[in-house]
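Taken in order, these protein sequences are the chains called A and B. Take the first sequence: its letter number 108 is residue 108 in our numbering, and every next letter is one higher. Take the second sequence: its letter number 283 is residue 283 in our numbering, and every next letter is one higher.
What the hints contain is simulated information worked out from the structure, not anything from laboratory work. No residue lacks a Cβ here, since even glycine has one placed at the ideal position from N, Cα and C. Watch out, some of these pointers could steer you wrong.
[As the list claims (entries may be wrong)] The calculated label-pair distances, taken between Cβ atoms and stated as ranges, are:
(1) B/Leu222 / A/Glu156: 48 to 58 Å
(2) B/Ile559 / A/Arg151: 39 to 49 Å
(3) B/Val177 / A/Gly171: 51 to 61 Å
(4) B/Ala212 / A/Val68: 28 to 38 Å
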Amino acid sequence: MSKQTYATGVTPPQGVWWKPAHKSEKVWFTIAFVWCMVLFAMMPLWHLRGGQNPTGIRAKVEPRDYLVRVQQFVADYGTGESENGIPVVEPPPGADVYLLAAQYQWTPVLRLQEGAEYTLHLSSLDVNHGFNLYPFNVNFQVVPGYDYGLRVTPTEAGDYRIVCNEFCGVGHHLMVGKVLVMPAEDGASASADQTDGAPVVPGADR
Amino acid sequence: MSQATASTGAMGTAAALFRKCPTTGLKVHKDADALIKANAVAATVALLIGGIAATLVLLTRWQTVHLLSDELFYRWLTVHGMNMLIFFIIFFEMAVLYFASAVLLNCRVPTPKLGWVAFALMVVGALMVEWTMFTGRADVLFTSYVPLRAHPAFYLGVILFAVGAIVVTAIFFATLVVAKREETYTGSVPLVTFGGITAAIIAAITLGHGAAIYIPTFFWSLDMMNVDPQVYRLVWWGLGHSSQQINVAAMVAIWYLLGAFTVGAVVVNEKISRTAFVLYIAFISMASAHHLLVDPGFGPSWKIVNTSYFMYMAVLASMLHGFTVPAGVEMGMRLRGYTQGIFGWLRRAPWNDPGFSALVFSVVVFGFVGGITGVTFGTEQINIVAHNTLRIPGHFHATVVSGTAMAFMGVTYYVIPLIFRKKVAFYPLAKIQPYLFAGGMLLFSLTMTFAGTFGVPRRHYDITFAGAPFTLEYSPAVNVMLALMAIGGLIAIVGGGIYILVTVWSVFFGQPLGDDMSEAALAGSVPPGVYKRPFTELPEEEVELEEHGALGMMPGTMILVLIFFVAFVVYYFANWKLLSAMWQIG
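Can you build the whole structure from these sequences, using the hints too?
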């Protein structure tokens, strides 16, 4: 590029405007293009190497059929206890875990083992809800009519909350559920009163 | 600007329909004038309603104040979303379309009556939606996810509004055809018009998605058919996200326009800028996927291909504009003699021109905050630590508000003298308006995004969860962030209030401009670009600019974009690091 005339963006360019780019434009284009390819490659790469992917098992399910599965799940693995009227369920490692979102409650309360893998199913009885795991910032959409089965491994013991983060009606902000992850050592012996009071906050140093 | 006088012969008989703009020499069709004014006024009314809603919502999310009741909070949040993202933005874009076609091409609006029908449809549609929202018949938020149910008039109102907008888009294309046939300009359409064409094509695609989802949903609300909730989310975001891409295209067009008006910015290379616009058209509607990355209805291949706009080609386009716009400003300044050092052009730029400061803030905040967070959160896996948290509204307030709305506000300070033929009322206030608005929004977006990294949900009335079955307390840092967010938001609201005051006062009670367009007559009452006309000071003959070694002819811009690039890389990989600390999920 040497000499050229210049015009602004409000002037109709005359003649052929398909001209070679300036050197710096070419440099920036190259940087931007390579970066875009890096951005693109990272996603498949994380499927191969990373531990967090939103793939899961995805299927359609009638809300009332899903409700039956949740009821069966509570009957199979329920501890007989309940917290605030919500049944407490302690499935064995490897089990299919069914969590139901409905205006305005998460059912049931879950007791899981640190380091064990579960298939956590999410679905809704009525409208869209949002699964947000506190204090870890993990989020999934809960859509009525769809079963989202995510293979999860709780990597840290603690007292977790499930916050609804998709607007689901006027009681949306009251919709808080609970997951207790017990340390791998003492396993199933965790007592119910351990869950009272202020929540333990794993990873609060973040 | 010389083609305006050259073509008067062809249109001689219609001379009464036009006035000649004394600043730019452009012929302005009087119908175009009136349609631009009507749409701009409607946009401002929507901005006012949306702004009142913003204040109430903000003062509720500021947990210390917690102003509204739960029901009213969700209602005003619905009002805020609809008025800002649909009515304000789209009415303004209709004005931009008339400007980019009829005004910039010296052409008449071929069907002014249809233009008024479209405007009426949009107003009626908007009023129907406002009625349902304010009477509590549509507490469904902006997204109205099925099966949340609103009154049928809500959906019908949106449909009427969209039909009106489609008609204006069609008139825009018709104007291009008429301008070409009547030879109102020579050569190719200006770049700003090309950007307008991009916005209009994306608008057609977007409004098509809108029809495809709101029409079935309207019938669903009458219990006449079923709408699958997941399909709704897919198609609705074809409207919801793509309409933000109309904003992007219109905003980038305005960047080029403001650059030209304020500092005589040049188009460094027409090929690069226009190709970047074409990339938008080709890939941008795939962004619906950004909202569906942690949804059960779609597999990883679909998510990766779509969320990346097919290999990030639309991101590439934005990165190109992010270079060519400041590069054009730098070159324009250098061509006009501001050649000192690497950043001399930037230091000596007209920072007291609200059009220029708005341009700079729009480019910088859109790119650095909105762009970087958007691409990062739109990554399939990283979305797990972003979806539906405050990080998302933190991102889009940086794009739509600090980016698009800021650019629209900046260009308004030129529209008032050039289209409305009025002095800018309270001009000293107008000069500080972009600083307040963009500065406040910057603080707002950054603190909101940061609060979101703690998992704080968006669209949520009460994060103390009083009355919920289980207790939950966020880190004290969240309260600090939300308080700072409120302060930033309030500063921005003051900026927005000044904008509305200045525009409404100028248009309805302002001093007419008169014929004397000299600096002596106008200084201190309109932006300096109006009388200094920097775009007329560009050398007409071929010139050669100095090379600054490896940094080339635009060294300042090159350094700025490299800083941007480093920030992008650091933020992007920091988020992968954050994700890797979560539970194992697959």
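Hints versus structure:
no.	hint	in the structure
1	B/Leu222 / A/Glu156: 48 to 58 Å	50 Å, holds
2	B/Ile559 / A/Arg151: 39 to 49 Å	47 Å, holds
3	B/Val177 / A/Gly171: 51 to 61 Å	54 Å, holds
4	B/Ala212 / A/Val68: 28 to 38 Å	34 Å, holds
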